Amino acid sequence: MAEFGTLCLLLGLATAGWAVVASFNGWLDRSGALVLSGERAIYATWGLVALAIGCLEYLIFTDRFDIEYVASYSNRALPAMYKVSALWAGQAGSILFWLFVLCSYAAVVVAMNRRRNRPLMPVVVTTLSSIALFFLLLVNFMARPFVGLSQVPIDGLGMNPQLQNPFMAIHPPALYTGYVGLTIPFAFAIAALATGQLSDTWFRTTRRFTILSWFVLGTGILLGGWWAYVELGWGGYWAWDPVENASLIPWLTATAFLHSVMIEERKRMLRVWNMSLVIMTFLLSILGTFITRSGVISSVHSFTRSDIGPMFAGFLGVSVIVSVGLLIHRLPLLQSEHRLDSFVSRESSFLFNNLLLVGAAFAVLWGTIFPIISEAVRGVKITVGPPFFNEIMVPITFGLLTLSAICPMIAWRRATPHRLIDKVRIPLGTGILAAAVLFAAGMRDGYALVAFSLCAFVVATTVMEFFWGTRARMKATGEPALGALWSLVDRNKRRYGGFIVHVGVMLIIVGITGSSAFKQEATAVLARGESFGLGRFALRFEDIVSRDDPNQEFLGARLAVIEGGRQVGTLEPGQNFYKAGQDPSSEIAIRSTLREDLYLILSGFDPQAGKVTLKAYLNPLIAWIWIGGGVLILGSWFAMLPDLRDRRREAEARLSAAESYATS
Amino acid sequence: MRPRSLRRAAVALAAFVSLAALSPAIPARAAGAGIQQEVEGRLMCHCGCSNLTIRDCACGTAAGIKADIAARLAAGQTADQVVAAYVSNHGEQIRSAPVRSGFNLVAWIMPFAAILAGGVMIVGLTRRWRGRGVAALPGPDTLAGGATAAPADRDALDRIAREIRDTL
Numbered sequence: 001m002a003e004f005g006t007l008c009l010l011l012g013l014a015t016a017g018w019a020v021v022a023s024f025n026g027w028l029d030r031s032g033a034l035v036l037s038g039e040r041a042i043y044a045t046w047g048l049v050a051l052a053i054g055c056l057e058y059l060i061f062t063d064r065f066d067i068e069y070v071a072s073y074s075n076r077a078l079p080a081m082y083k084v085s086a087l088w089a090g091q092a093g094s095i096l097f098w099l100f101v102l103c104s105y106a107a108v109v110v111a112m113n114r115r116r117n118r119p120l121m122p123v124v125v126t127t128l129s130s131i132a133l134f135f136l137l138l139v140n141f142m143a144r145p146f147v148g149l150s151q152v153p154i155d156g157l158g159m160n161p162q163l164q165n166p167f168m169a170i171h172p173p174a175l176y177t178g179y180v181g182l183t184i185p186f187a188f189a190i191a192a193l194a195t196g197q198l199s200d201t202w203f204r205t206t207r208r209f210t211i212l213s214w215f216v217l218g219t220g221i222l223l224g225g226w227w228a229y230v231e232l233g234w235g236g237y238w239a240w241d242p243v244e245n246a247s248l249i250p251w252l253t254a255t256a257f258l259h260s261v262m263i264e265e266r267k268r269m270l271r272v273w274n275m276s277l278v279i280m281t282f283l284l285s286i287l288g289t290f291i292t293r294s295g296v297i298s299s300v301h302s303f304t305r306s307d308i309g310p311m312f313a314g315f316l317g318v319s320v321i322v323s324v325g326l327l328i329h330r331l332p333l334l335q336s337e338h339r340l341d342s343f344v345s346r347e348s349s350f351l352f353n354n355l356l357l358v359g360a361a362f363a364v365l366w367g368t369i370f371p372i373i374s375e376a377v378r379g380v381k382i383t384v385g386p387p388f389f390n391e392i393m394v395p396i397t398f399g400l401l402t403l404s405a406i407c408p409m410i411a412w413r414r415a416t417p418h419r420l421i422d423k424v425r426i427p428l429g430t431g432i433l434a435a436a437v438l439f440a441a442g443m444r445d446g447y448a449l450v451a452f453s454l455c456a457f458v459v460a461t462t463v464m465e466f467f468w469g470t471r472a473r474m475k476a477t478g479e480p481a482l483g484a485l486w487s488l489v490d491r492n493k494r495r496y497g498g499f500i501v502h503v504g505v506m507l508i509i510v511g512i513t514g515s516s517a518f519k520q521e522a523t524a525v526l527a528r529g530e531s532f533g534l535g536r537f538a539l540r541f542e543d544i545v546s547r548d549d550p551n552q553e554f555l556g557a558r559l560a561v562i563e564g565g566r567q568v569g570t571l572e573p574g575q576n577f578y579k580a581g582q583d584p585s586s587e588i589a590i591r592s593t594l595r596e597d598l599y600l601i602l603s604g605f606d607p608q609a610g611k612v613t614l615k616a617y618l619n620p621l622i623a624w625i626w627i628g629g630g631v632l633i634l635g636s637w638f639a640m641l642p643d644l645r646d647r648r649r650e651a652e653a654r655l656s657a658a659e660s661y662a663t664s
Numbered sequence: 001m002r003p004r005s006l007r008r009a010a011v012a013l014a015a016f017v018s019l020a021a022l023s024p025a026i027p028a029r030a031a032g033a034g035i036q037q038e039v040e041g042r043l044m045c046h047c048g049c050s051n052l053t054i055r056d057c058a059c060g061t062a063a064g065i066k067a068d069i070a071a072r073l074a075a076g077q078t079a080d081q082v083v084a085a086y087v088s089n090h091g092e093q094i095r096s097a098p099v100r101s102g103f104n105l106v107a108w109i110m111p112f113a114a115i116l117a118g119g120v121m122i123v124g125l126t127r128r129w130r131g132r133g134v135a136a137l138p139g140p141d142t143l144a145g146g147a148t149a150a151p152a153d154r155d156a157l158d159r160i161a162r163e164i165r166d167t168l
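Chains as they are written, first to last, in the working numbering: chain L, 1 to 664; chain H, 1 to 168.
What the hints contain is simulated information worked out from the structure, not anything from laboratory work.
Just so you know, nobody snuck in bad clues.
Footprint (simulated), chain L over chain H, 3 or more residues, beta carbon under 8 Å:
#: 1; segment: 36-45
#: 2; segment: 52-65
#: 3; segment: 95-105
#: 4; segment: 112-119
Since the model is a prediction, treat every value here as computed from it, not as a measurement.
Backbone N, C-alpha and C fix where the C-beta goes; we use that ideal spot for every residue, glycine too.
Sequences are here, hints too, so could you generate the full structure?
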């Protein structure tokens with residue numbers, strides 16, 4: 001089976017290579033047969049990579065420890081769910097999985113564009129198959145998943161215990177689906193630049209791919225935060241680890257693109273900037289993979305380090321040269337058709353929104369790579385840790401929140417201050433009122449007051465947008481209120497889906513602010529029957545508990561949670577001891593409510609004295625981060641749904657593309 | 001809206017935006033914050049299992065360092081002295097953030113300098129684009145100036161009318 005998997009990857013290398021050659025030459029020679037052959041080679045590559053994935057999973061499920069990858073990341077007792085996720089637990093498997101996601105996207109794009117975007121498709125296929133070829137080179141020669149072992153162990157080493165968590169089974173596929181999805185708008189942008197077909201087709205065609213990748217990447221980031229929260233046992237969810245940063249950076253530039261592309265759609269402006277953003281986002285996603293896989297910056301994710309760094313650096317360099325070269329070549333064709341009329345306009349507010357989003361991405365990138373710069377310049381390696389990022393990102397986030405509140409209320413082209421202030425009155429008043437109420441209630445934390453009141457400002461703006469739109473629709477069409485509201489959002493799903501996303505982001509910020517500004521913690525060493533207090537809770541140690549299953553043994557402490565003299569629950573923090581011999585991992589116990597999370601870690605156990613050492617955190621409002629994530633997903637899905645205007649535009653675009661292809 | 005209330009609203013908006021911009025300078029009163037937590041936040045845990053400060057890390061190494069910090073502070077050392085002692089033993093890498101002097105100042109300045117430069121560029125480009133373009137044309141606000149509907153309604157009505165036209 002391992003030989004068959006190796007053969008599939010070698011054949012995949014050949015079919016991807018053929019896809020590059022056939023599509024590129026088909027485009028140059030205007031040969032429909034070659035173009036078609038290149039597209040079929042994409043399907044073949046997808047099939048071969050899928051077979052290779054199937055082989056590796058078969059080897060993992062059949063405990064074939066004569067294969068190095070299986071012996072390193074699986075063991076006999078590993079539950080079936082983690083045998084599936086063992087595929088991306090190590091470097092070779094995760095690159096293979098990445099490749100599979102890329103080939104799946106490429107196959108879907110080819111299938112969806114059999115009859116449309118024909119002038120662009122040869123270059124789209126060339127770009128996608130070139131990227132697939134790079135990853136196939138890696139899995140064939142650098143990070144090979146089917147390497148055999150000369151000495152076969154009786155059992156495997158098993159998966160890293162921290163990865164044996166349901167969130168970690170979903171988090172990497174979500175991140176990969178997001179990262180790799182950003183390749184699709186990049187491929188279409190490159191095709192538009194190479195062919196000179198720089199109309200709005202490339203970004204309209206890829207709009208749903210961009211939103212899908214953006215929200216899946218965002219979901220992946222949130223799931224990673226959730227995993228860190230429930231698994232790593234430090235009471236937090238984001239440590240500004242280089243690998244976390246690597247996923248956030250392209251998400252920020254993709255967010256900037258999703259906003260600025262609206263200006264291009266509406267005004268045919270910022271065309272160079274939008275191309276640059278798409279290219280930048282793709283390159284940053286590759287940079288993210290480079291950081292994750294090369295081990296260039298030490299981090300908690302070091303289990304996937306290897307020496308493939310130079311290959312990634314080379315690929316990144318070639319990608320920069322090709323894409324920037326094409327962009328410079330087409331600069332004369334990318335002149336804006338409209339100009340800005342005023343500083344106080346929706347267009348300029350989007351420019352400042354983009355400035356802050358790209359500035360945030362730069363700040364995170366800068367902080368992430370500064371240790372390398374310092375080492376190169378001064379010969380001294382330093383740490384750029386959470387305090388740096390928190391301090392830099394807070395003012396940028398506040399700026400973004402202010403723009404999110406004001407931006408939707410500014411008119412296109414030119415807004416008069418009188419009219420803007422008239423519109424901003426109620427949302428701004430709501431923000432100020434929120435700050436006043438919180439201050440009167442005793443809140444004195446400056447950051448928290450500003451953050452909460454800005455969130456109230458943004459949410460009030462969003463509510464007013466729905467209200468004004470519904471009222472205007474009622475006046476224009478005579479529909480009843482609920483009907484008018486539905487028609488309003490149904491006819492412009494992207495706009496109102498975007499507003500729902502804004503609300504989701506605000507809920508996330510409320511959760512982040514509450515849990516960081518008002519976090520409480522306590523440590524205690526307790527004998528049976530003893531208690532300690534945290535906030536309004538008392539925690540009483542009741543007993544030691546243990547459980548045994550084929551993969552692990554659990555040892556923990558049972559604690560009664562007491563509030564106002566009444567027991568309101570029981571928590572069992574503990575440690576899992578894995579039978580495959582891995583280090584034990586903390587099993588956190590959390591009592592979660594909308595108001596706060598009570599978070600317990602068993603950090604020590606003295607069997608002689610019968611005492612346990614416990615660390616407890618009270619994290620206010622943290623559940624709102626995950627709720628906000630749910631709202632963000634909902635809004636993104638809604639924004640992706642087609643509406644009548646989209647269908648009409650797509651039909652027009654298809655017709656115009658077909659006409660231009662026929663006449664050229 | 002009357003000019004007086006317009007002025008009041010403008011002042012409120014300006015004050016609100018200034019507060020947002022200046023808020024990092026507002027001292028936060030974190031619950032239980034003290035010199036011990038300050039020192040713990042200035043040092044990274046070197047246990048090798050995380051990218052956390054001593055304050056956040058829950059491992060045994062961090063617990064030992066926390067106890068040592070408490071002992072040093074109890075012995076009369078200042079926060080800076082405790083941090084300096086750790087830096088002399090473990091090197092610059094133990095600091096959780098670069099110091100704000102010398103070359104490391106670049107780390108702190110660069111993100112804001114880049115945003116400032118971008119802002120200046122946007123203002124410059126906008127001026128150029130306004131000069132070249134259709135600045136003399138009235139914007140939609142001006143066109144709709146004589147209408148009787150409220151401003152908020154006017155924007156929404158324009159959009160709704162466009163949407164209805166587009167979907168017909």
